[in-house]
Structures are given as C-alpha cells and as structure tokens.
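S.K.: Throw the hints in and build the complete structure from the sequences for me.
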Amino acid sequence: MDQAAILDHQFRVAAYIITWVIQLSYLAWLGYKWRAQKAKSED
Amino acid sequence: MKRTLIGLYAAITIVLMINGYYQAIYVAPNDAMQGEIFRIIYYHVPSAAVAFVFFAISLAGSIGFLAFRRNSPDKAQVADAWALAGAEVGVVFCTVVLTTGPMWGRRAWGIWWTWDARLTTTLVLWLIYVSYLLLRRFAAGPQMQTLAAVLGIFGALDVPIVYMSNRWWRTQHPAPVFGGAPGSGMDKSMLPAFGWNMLAWFAWGVFILILRFVIERRQQGIAAAEAQAALEA
Numbered sequence: 001m002d003q004a005a006i007l008d009h010q011f012r013v014a015a016y017i018i019t020w021v022i023q024l025s026y027l028a029w030l031g032y033k034w035r036a037q038k039a040k041s042e043d
Numbered sequence: 001m002k003r004t005l006i007g008l009y010a011a012i013t014i015v016l017m018i019n020g021y022y023q024a025i026y027v028a029p030n031d032a033m034q035g036e037i038f039r040i041i042y043y044h045v046p047s048a049a050v051a052f053v054f055f056a057i058s059l060a061g062s063i064g065f066l067a068f069r070r071n072s073p074d075k076a077q078v079a080d081a082w083a084l085a086g087a088e089v090g091v092v093f094c095t096v097v098l099t100t101g102p103m104w105g106r107r108a109w110g111i112w113w114t115w116d117a118r119l120t121t122t123l124v125l126w127l128i129y130v131s132y133l134l135l136r137r138f139a140a141g142p143q144m145q146t147l148a149a150v151l152g153i154f155g156a157l158d159v160p161i162v163y164m165s166n167r168w169w170r171t172q173h174p175a176p177v178f179g180g181a182p183g184s185g186m187d188k189s190m191l192p193a194f195g196w197n198m199l200a201w202f203a204w205g206v207f208i209l210i211l212r213f214v215i216e217r218r219q220q221g222i223a224a225a226e227a228q229a230a231l232e233a
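The listed protein sequences correspond, in order, to chains D and U. So for the first sequence, the numbering used here puts the first residue at 1; every next one is plus one. So for the second sequence, the numbering used here puts the first residue at 1; every next one is plus one.
Where hints are given, some of them may not hold.
[Claimed, not checked] Simulated crosslink set (DSSO-like; lysine-lysine; CA at most 30 angstroms straight-line):
| # | chain 1 | residue 1 | chain 2 | residue 2 |
| --- | --- | --- | --- | --- |
| 1 | U | Lys2 | D | Lys40 |
| 2 | D | Lys33 | U | Lys188 |
| 3 | D | Lys40 | U | Lys75 |
| 4 | U | Lys2 | D | Lys38 |
| 5 | D | Lys38 | U | Lys75 |
| 6 | D | Lys33 | U | Lys2 |
| 7 | U | Lys2 | U | Lys75 |
Please keep in mind that the hints were generated in silico from the structure rather than gathered at the bench.
M.R.: Laid out in structure tokens, this is it:
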C-alpha cells in the first residue's frame with residue numbers, strides 16, 4: 001500500500017466515523033429529550 | 001402492535017445499514033481515478049438527498065402551518081411539528097454532508113474547502129436552517145411559529161439553487177453524476193452499493209424524523225396542558 005492509498009483509507013474511515021458520531025449523538029439527544037418529557041408528564 | 005411495528009422497522013433499518021456498509025466497503029470496486037476515497041460517495045450523496053427531502057417536508061409543514069393557523073389550530077400544530085422535525089433532521093444530514101465533503105475534497109482536490117457555488121450554497125442552506133432552529137429555541141411569544149414558518153419557506157428556496165448550482169455555474173465540485181451531461185453517470189458495478197445506501201440512509205432518516213415529530217407533538221401537548229393549568233390556577 002502506498003502513502004496515498006493509506007491516507008485515502010484513513011480519510012474514508014474518519015468520514016464514516018464522523019457520520020455516525022453525528023447521527024448517534026442526535027439520536028442520543030432525542031432519547032434524552034424523550035426521557036425528560038416522560039419524567040415531566042409523570043410529575 | 002405499535003411497539004412491534006416500531007421494532008420491526010428499526011430492525012429492517014439496522015439490516016439495511018449493515019448491508020449498505022457491506023456493499024459500500026466490500027462489494028463496490030475502487031474508483032479508477034480516485035481509489036478508495038471515492039467510497040465516501042455512499043454516505044455523502046445519500047445524506048444530501050435525505051437533507052433535501054426533509055427540507056421539502058419542512059417547507060410543506062411551514063406552508064401548512066400558515067394555511068391552517070387561523071381556521072384549524074390543531075392541523076396547524078401538526079404541520080408545525082412536521083416543519084420542525086424536517087428542518088432539524090435535515091440539519092443533521094446537512095451537517096454530515098458539510099463534514100464528509102471537505103474530507104473527500106482534501107484527498108481528491110488537495111483542499112478542504114473552496115468558495116465555489118455548490119459548497120457555498122450548501123453552507124448557506126445549513127446556516128439558514130440553523131437560524132430557523134435558533135429562532136424556534138430562543139424566540140418567545142405567539143408569533144414565533146409564524147416567523148419560523150416564513151423563514152422555513154425562504155430557506156427551502158435555497159434547495160433547488162444548491163441542486164442546480166453545479167449545472168448553472170462552473171464549480172470545483174464535480175458535475176452531476178446522475179441527471180448530468182451526456183456521458184455522466186456511475187459505473188454499473190457501483191450502482192447496487194449506491195442504491196442500497198440510498199435506501200438505508202432514507203430508512204434511517206425516516207426513523208429519526210418520525211421520532212422527532214412524535215417528541216414535538218408530545219411537547220405541544222405538555223405546553224397546552226401547562227397553559228390550561230395556568231389559566232385554571
């Protein structure tokens with residue numbers, strides 16, 4: 001594997017990880033909001 | 001029954017995502033010119049497509065809110081919840097586009113960013129919808145939803161400009177792969193991976209869009225109950 005191919009691989013993996021970090025962070029925030037609403041409606 | 005359907009949809013979405021990843025990384029060949037970095041297309045382009053569709057849902061919701069707000073307040077609240085859900089989830093997908101795009105550009109063009117028409121109009125689109133979300137978060141009073149609906153409609157006007165930008169102007173961003181000039185298109189060996197990923201990201205997007213819509217409807221219910229309680233106190 002030459003240097004360019006290694007960099008391509010690293011960038012591709014990093015882009016995929018960033019994509020899922022964004023998506024799952026948002027899903028976690030929705031989950032937090034859902035739980036907060038549930039707690040509020042039970043009060 | 002409802003829980004079973006939600007669980008089934010979530011399971012199908014997870015299977016689609018795993019298959020999409022497998023197709024993109026292990027089945028589709030490397031691009032002859034760009035090599036492995038081209039595989040970013042399998043989540044960059046579907047994310048852009050999902051963002052565009054969800055901004056269109058936000059547009060429809062905003063128009064619906066303005067149309068119903070005087071005569072059918074309940075319908076107006078449903079439309080407003082769709083407008084917010086579409087805008088917010090659209091911003092999430094647009095953020096993915098604006099982070100994966102520069103990473104692809106760095107390897108393909110040697111630069112992270114350039115102020116060409118496609119990139120600039122996409123950034124403007126993201127900024128408009130972030131402004132929309134900030135308006136909804138921090139503005140108070142009965143006019144907030146109306147102002148947000150108007151901003152949502154203006155924001156959606158940028159979507160066709162983003163889509164057409166690399167057809168109307170010469171850009172650093174590549175010419176359209178689909179629906180572009182004669183000779184454009186994707187190699188047949190890459191099409192299944194692209195199609196599966198498009199399906200998978202739409203399934204994922206619809207899942208979180210509906211979740212966001214349900215949360216907003218519940219929030220509207222809580223706000224209405226609190227307002228009623230305050231009146232009765």
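S.K.: All the hints need checking, so say for each whether the structure fits it.
M.R.: Hint by hint, here is what the structure shows:
1. A hinted pair counts as satisfied when its Cα atoms are at most 30 angstroms apart, and U:Lys2 with D:Lys40 qualifies at roughly 23 angstroms.
2. Only pairs whose Cα atoms come within 30 angstroms are accepted, and D:Lys33 paired with U:Lys188 is rejected, the gap being roughly 43 angstroms.
3. With a C-alpha separation of about 25 angstroms, the suggested pair D:Lys40 and U:Lys75 falls inside the 30 angstroms cut-off, and the hint holds.
4. For the suggested pair U:Lys2 and D:Lys38, the alpha carbons sit about 18 angstroms apart, so the restraint of at most 30 angstroms is met.
5. Distance restraint check for D:Lys38 and U:Lys75: the Cα-Cα separation of roughly 24 angstroms lies within the 30 angstroms cut-off, and the hinted pair is therefore satisfied.
6. For the suggested pair D:Lys33 and U:Lys2, the alpha carbons sit about 21 angstroms apart, so the restraint of at most 30 angstroms is met.
7. Of the supplied pair hints, the one linking U:Lys2 and U:Lys75 holds, its CA atoms being roughly 23 angstroms apart against a limit of 30 angstroms.
Violated hints amount to a single one, hint 2; each of the other numbered hints is respected by the structure.
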